[in-house]
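**Q** Sequence:
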Amino acid sequence: MKNINLIYNEIEKHKERLEYAKNKISRIELNEEILENPEIIETIDSFIFRFSKMQDTMGEKLFPLVLQMLGEEVRNKPFIDILNRLEQLEFIPSAEEWKKLRELRNNLTHTYPWEKEILINEIKEALRYSEKMINIFQHIKEKLQLRKNR
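Numbering (our numbering) for the sequence shown: 1 to 150.
Please keep in mind that the hints were generated in silico from the structure rather than gathered at the bench. What you are looking at is a predicted structure, and each value in this text was computed from that prediction instead of being measured. Where a beta carbon is used, it is the ideal one built from N, C-alpha and C, also for glycine. A couple of the hints might just be wrong.
To be verified - Each pair of labels, with its calculated beta carbon distance range: (1) E60 to K143: 11 to 21 Å; (2) N135 to F79: 12 to 22 Å; (3) E72 to K13: 23 to 33 Å.
As the list claims (entries may be wrong) - Result set (SDA-like, lysine to any residue): computed pairs, CA atoms no more than 25 Å apart in a straight line: (4) K143 to R27; (5) K13 to Y129; (6) K2 to E60; (7) K13 to F137; (8) K143 to N31; (9) K132 to W114; (10) K141 to N31; (11) K124 to L108; (12) K100 to N31; (13) K124 to E36; (14) K132 to N107; (15) K53 to D81; (16) K100 to P78; (17) K116 to R27; (18) K22 to S46; (19) K61 to E36; (20) K13 to K100.
Make the full structure from the sequences, and use the hints.
**A** Here is the structure:
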């Protein structure tokens with residue numbers, strides 16, 4: 001079984017850098033013209049990368065490990081079953097919400113540079129959803145700590 005603290009550290013790194021990029025973006029009026037500015041593009045690219053990495057790390061590493069720590073078998077279990085179980089155990093608010101996060105991550109990474117209006121809308125949505133993702137991470141850490149202290 002993997003060490004939960006190593007995964008926490010990895011997610012924290014992504015979270016810190018995600019929040020840094022998010023704070024920089026929040027000071028900018030998002031429109032198609034800003035996508036011509038290389039410095040802003042660099043910040044947006046950083047945000048998209050960290051959003052994706054945090055989402056991936058939570059889904060691929062943290063979620064299965066949480067269930068393993070609770071004594072559940074996750075090998076060969078479909079991801080949707082892992083999400084549904086985490087929702088049942090109240091580690092995540094909703095499997096559907098996480099699927100939306102994953103869909104948003106996929107859209108962000110597969111939008112073409114010339115699809116500026118679509119990209120701006122997806123960035124705005126990711127800015128909102130990034131806070132939800134961070135809150136889910138914090139909630140999981142707190143819930144596991146409470147179980148550990150019992």
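**Q** The structure should be examined with respect to each hint, and the outcome stated for every one.
**A** Verification of the supplied hints:
| no. | hint | result |
| --- | --- | --- |
| 1 | E60 to K143: 11 to 21 Å | holds (19 Å) |
| 2 | N135 to F79: 12 to 22 Å | holds (21 Å) |
| 3 | E72 to K13: 23 to 33 Å | holds (27 Å) |
| 4 | K143 to R27 | violated (33 Å) |
| 5 | K13 to Y129 | holds (18 Å) |
| 6 | K2 to E60 | holds (12 Å) |
| 7 | K13 to F137 | holds (12 Å) |
| 8 | K143 to N31 | violated (39 Å) |
| 9 | K132 to W114 | violated (28 Å) |
| 10 | K141 to N31 | violated (36 Å) |
| 11 | K124 to L108 | holds (11 Å) |
| 12 | K100 to N31 | holds (23 Å) |
| 13 | K124 to E36 | holds (17 Å) |
| 14 | K132 to N107 | holds (18 Å) |
| 15 | K53 to D81 | holds (22 Å) |
| 16 | K100 to P78 | holds (17 Å) |
| 17 | K116 to R27 | holds (19 Å) |
| 18 | K22 to S46 | holds (9 Å) |
| 19 | K61 to E36 | violated (36 Å) |
| 20 | K13 to K100 | holds (23 Å) |
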